[in-house]
Amino acid sequence: MQYTKEQILEVLDTVKDPEIPVLSLVDLGVITELIISDTNVVSVTITPTFSGCPAMDTMKKQLEEALLAKGIEHTPVKVSFETPWSSDLLTEKGRAAIKKFGLAPPPMLGNHQPDIDILEQIACPHCDSMNTEMKSMFGPTLCRSLHYCHNCLQAFEQFKPLG
Amino acid sequence: MEALIDLLYKIADDKLILGHRNSEWTGVGPILEEDIAFASMAQDKVGQSKALYDILNSLGEPAPDPNAFLRNAEAFRCCQLVELPIGEYDFSLIRHFLFDAAELLRFDTLRSSSNEPLAQLARKFYGEIKYHNLHAKTWIKKLGNSSEEAIERLQNSLDYAFPYALGIFETSYLEEEIIGRNLFEGEVALKDKWLNAIAEVINQTQLHMPDYLAIAPKFGGRVGEHTEYLQPMIEEMGEVFRLDPSAEW
Numbered sequence: 001m002q003y004t005k006e007q008i009l010e011v012l013d014t015v016k017d018p019e020i021p022v023l024s025l026v027d028l029g030v031i032t033e034l035i036i037s038d039t040n041v042v043s044v045t046i047t048p049t050f051s052g053c054p055a056m057d058t059m060k061k062q063l064e065e066a067l068l069a070k071g072i073e074h075t076p077v078k079v080s081f082e083t084p085w086s087s088d089l090l091t092e093k094g095r096a097a098i099k100k101f102g103l104a105p106p107p108m109l110g111n112h113q114p115d116i117d118i119l120e121q122i123a124c125p126h127c128d129s130m131n132t133e134m135k136s137m138f139g140p141t142l143c144r145s146l147h148y149c150h151n152c153l154q155a156f157e158q159f160k161p162l163g
Numbered sequence: 164m165e166a167l168i169d170l171l172y173k174i175a176d177d178k179l180i181l182g183h184r185n186s187e188w189t190g191v192g193p194i195l196e197e198d199i200a201f202a203s204m205a206q207d208k209v210g211q212s213k214a215l216y217d218i219l220n221s222l223g224e225p226a227p228d229p230n231a232f233l234r235n236a237e238a239f240r241c242c243q244l245v246e247l248p249i250g251e252y253d254f255s256l257i258r259h260f261l262f263d264a265a266e267l268l269r270f271d272t273l274r275s276s277s278n279e280p281l282a283q284l285a286r287k288f289y290g291e292i293k294y295h296n297l298h299a300k301t302w303i304k305k306l307g308n309s310s311e312e313a314i315e316r317l318q319n320s321l322d323y324a325f326p327y328a329l330g331i332f333e334t335s336y337l338e339e340e341i342i343g344r345n346l347f348e349g350e351v352a353l354k355d356k357w358l359n360a361i362a363e364v365i366n367q368t369q370l371h372m373p374d375y376l377a378i379a380p381k382f383g384g385r386v387g388e389h390t391e392y393l394q395p396m397i398e399e400m401g402e403v404f405r406l407d408p409s410a411e412w
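Just so you know, the protein sequences line up as chains Z and D, in that order.
With the numbering used here as the guide, the letters of the first sequence map in order to residues 1 to 163.
With the numbering used here as the guide, the letters of the second sequence map in order to residues 164 to 412.
Be aware that one or more of the hints could be misleading.
[To be verified] To give an idea of the chain Z side of the interface with chain D (calculated C-beta under 7 Å), a few residues:
(1) Met1
(2) Thr32
(3) Gly52
(4) Phe81
(5) Glu82
(6) Pro84
(7) Asn111
(8) His112
(9) Phe138
(10) Leu142
(11) Leu162
(12) Gly163
Worth flagging that the hints you see were computed from the coordinates, not collected in a lab.
Every residue gets a Cβ at the ideal spot worked out from N, C-alpha and C, and that includes glycine.
The shape of chain D in the complex, shown without the other chains:
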């Protein structure tokens, strides 16, 4: 049970926090279509997190709203990549590309998780994440083969985001149990597939893959160690909810 709870918190928190970050593009995207795209992906991810918090609720954890809005940063199990500020569009696009490539592969295998409620959600989410993944790949290929400035900006963001992206695959202290009970194939197996998937796209552009073997991953998120950016974001996200946690919406 503890292993399942650990796994669910990790993937639900990733979705909620990146969903909220994506929503910060609403109204300020570089073009209207991208404004809508990031807002739509935000809606998908927050909606998906709600369904995962519902499973957690059925396992004795708090209801989705209090769980999302009343925890402090150290209780969150998201990776540090998702909590970083949106920055400029090049960073948000690179983060979206790196994260959703991992997310598609993660939910591909979760479709056959031994936990049936999680497997059901994974079957549902997979098609939705596919759109996120297609969106990211389309823009990386387009901009990664465009102007000198675009390529330079994307490369800088890729180099900056990469240690954080490797932090997605921080293993759990319950990793053996998660794998042994067939809840999930595990972070190491996922990382190997992810490296191939992103390299395949990057190799179709003028960007180059960072030398990942020489990079120290930014771990800590999965055990509640976060960057300075998470707590203020959480406070803003739950500001209205905390005015009256018992209010009916």
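Excised from the complex, chain Z in its bound form:
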């Protein structure tokens, strides 16, 4: 029986971001190509969120393991910069998962690049207040920045916007 893209995506959806374990790689938006050949062999291409992301090899391995566990024949997962990742590629489900995890989801950028004004206007993931302040644009992982909420008096992190 020929697989459908939906079936394969369902399998890939079980693989989570190693640094944000509530977020699937599908919802993260790093799966940039999914091809099912006539002979039912699956080829997956992923792209890094940040070039220096140390989790790429782990992601690759876990995607291959998930396919293998379901007995799905596949080629090695390819890493490519052809379609660059942008934080706008996070799905709605992914954004909700990030927020539930305690991180502020990134604002939508459109064609813009992040600027100080954008980074300072972040809603607190705990109380939704906009009365927040950026403490550092670099955090515990490449994809997070540090913020403080003056309303609920809590520190929080943001999943950084990247264009």
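Starting from the known structure of chain Z, fit chain D onto it as the hints suggest.
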């Protein structure tokens, strides 16, 4: 092909060496946030260099790890600015500001390079470098308008770093080909834009722009002439790798 290889080595080596220097702030930054910032920028730059060494590898050059860890100083094409020791925080901040202003402009134009793999990476790196650039500008504006000591220290570091910073724009013996084949707009055009970009920030502080026309740039890095500081750094950087170059990581 030779022109492309020359261009790639120059920008990859800049990133690797400054990335490594940035990493030396890990654990010893003046405040926790700056410790994290320099460590994060190190991770970005080393990661970016790896992707550039991958392109070089596809053009017949060594694989990224041996290329990074087994060359001696004279085989590196980085500018001398990036190899200088981290010094005190004021110097590292000034270097970061001067270098990443050039880097943002360089990768802005590389996004339309005629070499598609390089253009793809440039589109990816641009957003990352934007953060480095924002970080530097934020601190230069903050500290450049603060205490007398901060302003004096920054000015001294700016004056010291400036000849080295002008060395970023040392032209290649293949410069005409690099420009002619639309690989890159060239160092002279980049330098002019860079001078405007840094002056715009410096003019918002109590620092003053060095009289760059009267300064002799520190050239040589692009042809393998380096300061005494590069070779020991390279030895430290590759120490573990060289214990067993065939080991699987």
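Each hint, compared with the structure:
1. A hinted interface residue such as Z/Met1 counts as satisfied when its beta carbon comes closer than 7 Å to some beta carbon of chain D; here the least separation is about 36 Å, so the hint is violated.
2. With a cut of 7 Å, the hint placing Z/Thr32 at the interface with chain D is violated, because the nearest CB-to-CB distance is about 12 Å.
3. Restraint check, Z/Gly52 versus chain D: the minimum CB separation of about 2 Å is within 7 Å; hint holds.
4. Taking 7 Å as the C-beta cut-off, the interface hint given for Z/Phe81 holds, the closest approach to chain D being about 5 Å.
5. Taken as an interface hint, Z/Glu82 checks out: its beta carbon lies about 6 Å from the nearest beta carbon of chain D, inside 7 Å.
6. Annotation: interface hint on Z/Pro84 holds; nearest CB of chain D at approximately 5 Å, less than 7 Å.
7. Against a cut-off of 7 Å between C-beta atoms, the interface hint on Z/Asn111 is violated, since the closest Cβ of chain D lies about 12 Å away.
8. Given the 7 Å rule on beta carbons, the hint for Z/His112 is violated: about 10 Å separates it from the nearest Cβ of chain D.
9. For Z/Phe138, the suggested interface contact is upheld, since its CB lies about 4 Å from the closest CB of chain D, less than 7 Å.
10. With 7 Å as the threshold, the beta carbon of Z/Leu142 comes within range of chain D, its nearest partner Cβ sitting at about 6 Å, so the hint holds.
11. This hint holds: Z/Leu162 has a C-beta 5 Å from the nearest C-beta of chain D, less than the 7 Å allowed.
12. A cut of 7 Å between beta carbons decides the hint on Z/Gly163: the least distance to chain D is about 5 Å, and the hint holds.
The structure fails hints 1, 2, 7 and 8 (numbered hints given earlier, in ascending order).
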